[in-house]
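Novice: Residue numbers (our numbering), protein chains in the order written: chain D, 12 to 439; chain H, 12 to 439.
Derived by calculation from the structure, the hints in this document are not laboratory data.
There could be a bad hint or two in this list.
Copies of the same chain look alike in the list, so a pair counts if it works inside one copy or between any two.
Pairs of lysine-lysine residues, derived as DSS-like cross-links and limited to a Cα-Cα distance of at most 27 Å, are as follows [as the list claims (entries may be wrong)]:
1) K109 <-> K428
2) K378 <-> K348
3) K37 <-> K100
4) K131 <-> K14
5) K378 <-> K243
6) K47 <-> K344
7) K410 <-> K47
8) K378 <-> K42
9) K428 <-> K100
10) K344 <-> K61
2 protein chains.
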Amino acid sequence: MTKPLRLGIAGLGTVGVGVIKIIQNKLSLLKARTGKQILISAVTAKSKTKDRGIDLSSYQWERDPVSLANREDIDVFIELIGGHEGAAKEAVEIAISKGKNVVTANKALLAHHGHELALKAEENGSILRFEAAVAGGIPVIKSLSEGLAGNSINRIMGVMNGTCNYILTRMESSGLSYEEVFSEANELGYLEADPNLDIGGIDAAHKLSILSSIAFGTEINFNGVELDGIDKITINDIHQAADMGFRIKLLGVSQMTSSGLEQRMSPCLVPTRSPLGQLEGGTNMIVIEGDQVGQIVLRGAGAGEGPTASAVVSDIIDIARGISLATFGQPAKTLKKASSSKSQTPAPYYLRMLLHDEPGALAKITKILSQFNVSIDRMRQYGHEDENAPVLIVTHEIKHEDLMTAIQELPNTQVLKAQPLAIRIEAV
Amino acid sequence: MTKPLRLGIAGLGTVGVGVIKIIQNKLSLLKARTGKQILISAVTAKSKTKDRGIDLSSYQWERDPVSLANREDIDVFIELIGGHEGAAKEAVEIAISKGKNVVTANKALLAHHGHELALKAEENGSILRFEAAVAGGIPVIKSLSEGLAGNSINRIMGVMNGTCNYILTRMESSGLSYEEVFSEANELGYLEADPNLDIGGIDAAHKLSILSSIAFGTEINFNGVELDGIDKITINDIHQAADMGFRIKLLGVSQMTSSGLEQRMSPCLVPTRSPLGQLEGGTNMIVIEGDQVGQIVLRGAGAGEGPTASAVVSDIIDIARGISLATFGQPAKTLKKASSSKSQTPAPYYLRMLLHDEPGALAKITKILSQFNVSIDRMRQYGHEDENAPVLIVTHEIKHEDLMTAIQELPNTQVLKAQPLAIRIEAV
Chain D
12 MTKPLRLGIA GLGTVGVGVI KIIQNKLSLL KARTGKQILI SAVTAKSKTK
62 DRGIDLSSYQ WERDPVSLAN REDIDVFIEL IGGHEGAAKE AVEIAISKGK
112 NVVTANKALL AHHGHELALK AEENGSILRF EAAVAGGIPV IKSLSEGLAG
162 NSINRIMGVM NGTCNYILTR MESSGLSYEE VFSEANELGY LEADPNLDIG
212 GIDAAHKLSI LSSIAFGTEI NFNGVELDGI DKITINDIHQ AADMGFRIKL
262 LGVSQMTSSG LEQRMSPCLV PTRSPLGQLE GGTNMIVIEG DQVGQIVLRG
312 AGAGEGPTAS AVVSDIIDIA RGISLATFGQ PAKTLKKASS SKSQTPAPYY
362 LRMLLHDEPG ALAKITKILS QFNVSIDRMR QYGHEDENAP VLIVTHEIKH
412 EDLMTAIQEL PNTQVLKAQP LAIRIEAV
Chain H
12 MTKPLRLGIA GLGTVGVGVI KIIQNKLSLL KARTGKQILI SAVTAKSKTK
62 DRGIDLSSYQ WERDPVSLAN REDIDVFIEL IGGHEGAAKE AVEIAISKGK
112 NVVTANKALL AHHGHELALK AEENGSILRF EAAVAGGIPV IKSLSEGLAG
162 NSINRIMGVM NGTCNYILTR MESSGLSYEE VFSEANELGY LEADPNLDIG
212 GIDAAHKLSI LSSIAFGTEI NFNGVELDGI DKITINDIHQ AADMGFRIKL
262 LGVSQMTSSG LEQRMSPCLV PTRSPLGQLE GGTNMIVIEG DQVGQIVLRG
312 AGAGEGPTAS AVVSDIIDIA RGISLATFGQ PAKTLKKASS SKSQTPAPYY
362 LRMLLHDEPG ALAKITKILS QFNVSIDRMR QYGHEDENAP VLIVTHEIKH
412 EDLMTAIQEL PNTQVLKAQP LAIRIEAV
């Protein structure tokens, strides 16, 4: 008789409930696939009495996550509380210090403390797993750290925040403004309590920093992510991008360059006909480029009860099967410091401007751009009824810093009606 | 000091050479990711003297695969010979009988003998891995057997033969006939020595039968795959399908129904705008539908040196890391016999006919169809210059056997100029 695997689950929100449903409803499937009985010893959550639509009566109720992590009768601590400080962090640390295995869906915790947690877990012989932390149900952590481990990774790209992708695709399909769709998403409950986590790109940047660590063998460096949110994107930008064959996505890009690790989470233009360009609504997509395998694209639901629980349970199954590898694919103490680098990789840019409609205005702009090596590929001036002329420029491949310097100079021309907006065009 | 992992590689074609290049060029990456030195003890292939562009001088040369499998100085036998009988099978059996681990890219071997090999491997404590056998570089075996193991799988679909997808998409883009593109593909070296393995759907059916076993916990049942090749598809079919919003793909579908396991590998119509519909050229795509995760789509190169070698090396890395699970995701002796079922799941069909252009011809056809419950959704009669009228029908959801019975009756109408062709429209 093999011993059962005993779980303690902290956090009984959507994901926690989803995990419990799978454990309850798939006893024989899980037994067949792992050779073990997987059982829940104890749970904890803020409210003991709330009706969650599932039967918790056969589990011990623990008063808080830390007490749960301390229990002798659990082998795996499942952290589904969220937040990168407080109870989640404290309980995970205690579980690890007791040599227990930990499964978490907490991208913020990993982005901020993943490296130190991995070091402690590896010292203590604990397994720390987090498939659900990135891209929900898509098995991207496993694909990257195991399935593609024979590759040197060249680049990772991804749409990893379903809410932002919902807002951008909804703007396009409805013609509504950013503000209108934002309110709509808020009413539908799609936004985090702090909406800036979503629309500011922070949540997606947490995920990108985790993928970077695995892909490039570097310590997680969340602060090294160049971050830009979607709140400056107008419905006109979306229409004009479409007009030129592009769609706007909040895109994460991570690549190792000769000057260091470049990590960006920002709105980007991608070709409408590319897999990333075709992504609708809340779906997530990760593109992994390896030197051997070429381009691998993974697509699926990035959030929701079933998909996220599927990922959590896959980690539990791995542990039940005795599958173990280093937290980020190689021992944490061998991960290199990521010398983070401002974007050096040249790219074409989309540059949106509003000019005073006066003779020579455009000439003044293009003169400045050419002074700073910003070479123009295509330009369009749109029809207008007032004295402001909307001008759109697509540049050749240029360096981001050249573009930024040029943009700083542009106001000196006295012909700008508003601050220009530059959006990177990512080759996908 | 951990002991190195010692490989014996049988078969030095494209994939074998690709694997050796990775082992040679990524020593430190593999060491970092596995904690072990991975080294090649010995190799074998038909020709010892052929120039393969790599240095084999530091490896022992073994005279044949069976002798290689017998060597004491290898821990993992890498079978890259191919074929489901003969040397490949014999050598794999010997390696397993000696308790060695085996990595293979051989879908034919697995489709025909995978179950018995898995039984023997599990009796002998050997690991048998085969990521490269399905969809080349896409980590689909790992995603299905590990990453999505918390799901009951509803359906698997996939374009798994790059050559067929190349032929079909090339016909569409060039307007050339099937025969012309077939010759072209042959000259380019895209076809197997026996082209029927590709265009007859056999190679893809091998792969589908492997996925079915993992997805549904059933013994591999290659003979249960309903098989139909792409050689009956005309350029007109492709154009007419496009006209109705569809593209034609050689699509594998596997699903468990109340009457048993349905496995089909056949040309299907899929919506042009779906991920499957948008797949160009030699790329592969697998769609996995789980009850928790919803739809997961995996896309990448299905063949070629780098992608296939990437998959083989991922299996080697798993073994080096001590990762082990049952061959098909649960112990082979617990897999159920798959009671194979003829397609019962209703679907709409595309029905192409050529009629004598005479009064009442179409009425005779539609009468027979309605007698056999083949209900018509859309019908088009195309312009024509001779006395033959091309007619295209899209049916409502119907049972395949009703359609086949109706098609058998149609010649009795005396108005058919040619045998009708029916193509399933798969909901994706």
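Novice: Classify it for me, K131 with K14: is the Cα-Cα distance of at most 27 Å met within a copy, between copies, both or neither?
Specialist: Answer is both; intra-copy 26 Å and inter-copy 26 Å each pass.
Novice: At 27 Å max between alpha carbons, let me know whether K109 reaches K428 within a copy, between copies, both or neither.
Specialist: neither (61 Å within a copy, 78 Å between copies)
Novice: At most 27 Å between alpha carbons: which applies to K344 and K61, within, between, both or neither?
Specialist: neither (43 Å within a copy, 44 Å between copies)
Novice: Tell me, please, which holds for K378 and K42 at an alpha-carbon limit of 27 Å: within, between, both or neither?
Specialist: neither (70 Å within a copy, 53 Å between copies)
Novice: Under a CA distance limit of 27 Å, which applies to K47 and K344: within one copy, between copies, both, or neither?
Specialist: Result: close only across copies, 16 Å inter versus 32 Å intra.
Novice: With identical chains treated as interchangeable, where does the CA-CA distance between K37 and K100 reach 27 Å or less: within a copy, between copies, both, or neither?
Specialist: This pair counts as neither: shortest intra-copy Cα distance 30 Å, inter-copy 36 Å.
Novice: What label fits K378 with K243 when the C-alpha limit is 27 Å: within, between, both, or neither?
Specialist: Within. Shortest intra-copy distance 26 Å satisfies the 27 Å Cα cut-off; inter-copy 61 Å does not.
Novice: When Cα atoms must be at most 27 Å apart, do K378 and K348 count as within-copy, between-copy, both, or neither?
Specialist: So K378 and K348 fail the 27 Å test inside a copy (41 Å) and across (75 Å) alike.
Novice: Are the CA atoms of K410 and K47 at most 27 Å apart within a copy, between copies, both, or neither?
Specialist: Neither: 55 Å inside a chain and 41 Å across chains, both beyond 27 Å.
Novice: One pair to classify: K428 and K100, alpha carbons no more than 27 Å apart. Within, between, both, or neither?
Specialist: neither (48 Å within a copy, 74 Å between copies)
Checked against the numbered hints given earlier, this structure breaks hints 1, 2, 3, 7, 8, 9 and 10; the rest are met.
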